[in-house]
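Enquirer: Whenever a hint applies, use it, and build me the whole structure from the sequences.
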Amino acid sequence: MLRIFVELSIGVSLLFTLFRLFKGPDVLDRLLGYSSTSAKITILLVVEGLLNGRTYYVSLALVYVILSFLGIVIIGRFVERQI
Amino acid sequence: MTILSYVLIATGLLVTIIGSFGIANLPNIYARLQASGAADTSGFVLVLLGFLVYGGFEYSDVFLGLLIIFVFITGPIINHAISKAAFLSGISPADDEEGGN
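Here the protein sequences come in this chain order: U and R. The numbering of the first sequence is our numbering, which starts it at 1 and goes up by one. The numbering of the second sequence is our numbering, which starts it at 1 and goes up by one.
To be clear, the hints were calculated from the coordinates, so they are not data collected in a lab. Even glycine gets a Cβ: it sits at the ideal position worked out from N, Cα and C. Hints are supplied without guarantee of correctness; some may be wrong.
As the list claims (entries may be wrong) - Pulled from the structure, derived: some chain R residues nowhere near chain U, Cβ distances all over 10 Å:
{"#": "1", "residue": "1"}
{"#": "2", "residue": "3"}
{"#": "3", "residue": "8"}
{"#": "4", "residue": "10"}
{"#": "5", "residue": "13"}
{"#": "6", "residue": "16"}
{"#": "7", "residue": "24"}
{"#": "8", "residue": "33"}
{"#": "9", "residue": "38"}
{"#": "10", "residue": "47"}
{"#": "11", "residue": "57"}
{"#": "12", "residue": "85"}
As the list claims (entries may be wrong) - Looking from chain R toward chain U, a few residues come up when the C-beta cut is under 8 Å (computed):
{"#": "13", "residue": "9"}
{"#": "14", "residue": "21"}
{"#": "15", "residue": "29"}
{"#": "16", "residue": "45"}
{"#": "17", "residue": "48"}
{"#": "18", "residue": "58"}
{"#": "19", "residue": "59"}
{"#": "20", "residue": "74"}
{"#": "21", "residue": "78"}
{"#": "22", "residue": "81"}
{"#": "23", "residue": "84"}
{"#": "24", "residue": "86"}
Expert: Here you go:
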């Protein structure tokens with residue numbers, strides 16, 4: 001029940017953010033879509049790990065969030081020509 | 001405790017859906033950044049707080065708390081980095097159409 005509810009909601013919001021990721025007319029729009037999409041994928045990782053009893057997915061989600069943050073900040077600094 | 005966690009998860013999912021709808025439909029990159037910065041971080045933190053209080057204390061709750069603290073700090077940093085890059089690369093905040101530059 002809880003799993004179906006969470007997966008349906010995250011799936012609907014993934015449709016919107018993937019639309020912005022693939023369509024967005026500028027590179028920063030795609031970067032914003034990538035940031036929001038990676039947040040949704042992290043929520044899915046945590047939910048699947050906790051409801052299936054595989055709790056190492058949570059530390060995997062922590063690594064995923066750290067790498068996503070590093071990539072987004074580095075691409076942002078590259079776009080404003082300061083790196 | 002279960003009712004509290006259901007309320008937190010439902011509120012976070014509602015905020016996440018509204019923020020994603022704003023990201024897909026608002027006309028300007030600054031408006032999209034405002035939708036993302038307001039709704040994305042708070043929805044993420046609410047859903048993960050709901051899963052933090054869902055069961056008893058386990059070992060993975062330590063990593064879940066670290067994840068909540070990290071996202072609560074770095075969400076505004078990501079939005080500030082993207083908006084600063086958009087302003088310094090010449091996109092005017094007064095444009096209403098898509099792809100203002």
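Enquirer: The structure should be examined with respect to each hint, and the outcome stated for every one.
Expert: Hints, one by one, checked against the model:
| no. | hint | verdict |
| --- | --- | --- |
| 1 | 1 | holds (14 Å) |
| 2 | 3 | holds (13 Å) |
| 3 | 8 | holds (12 Å) |
| 4 | 10 | violated (8 Å) |
| 5 | 13 | violated (4 Å) |
| 6 | 16 | violated (5 Å) |
| 7 | 24 | violated (4 Å) |
| 8 | 33 | violated (6 Å) |
| 9 | 38 | holds (12 Å) |
| 10 | 47 | violated (6 Å) |
| 11 | 57 | holds (12 Å) |
| 12 | 85 | violated (4 Å) |
| 13 | 9 | holds (7 Å) |
| 14 | 21 | holds (6 Å) |
| 15 | 29 | holds (6 Å) |
| 16 | 45 | violated (10 Å) |
| 17 | 48 | holds (6 Å) |
| 18 | 58 | holds (7 Å) |
| 19 | 59 | holds (7 Å) |
| 20 | 74 | holds (5 Å) |
| 21 | 78 | holds (5 Å) |
| 22 | 81 | holds (4 Å) |
| 23 | 84 | holds (7 Å) |
| 24 | 86 | holds (5 Å) |
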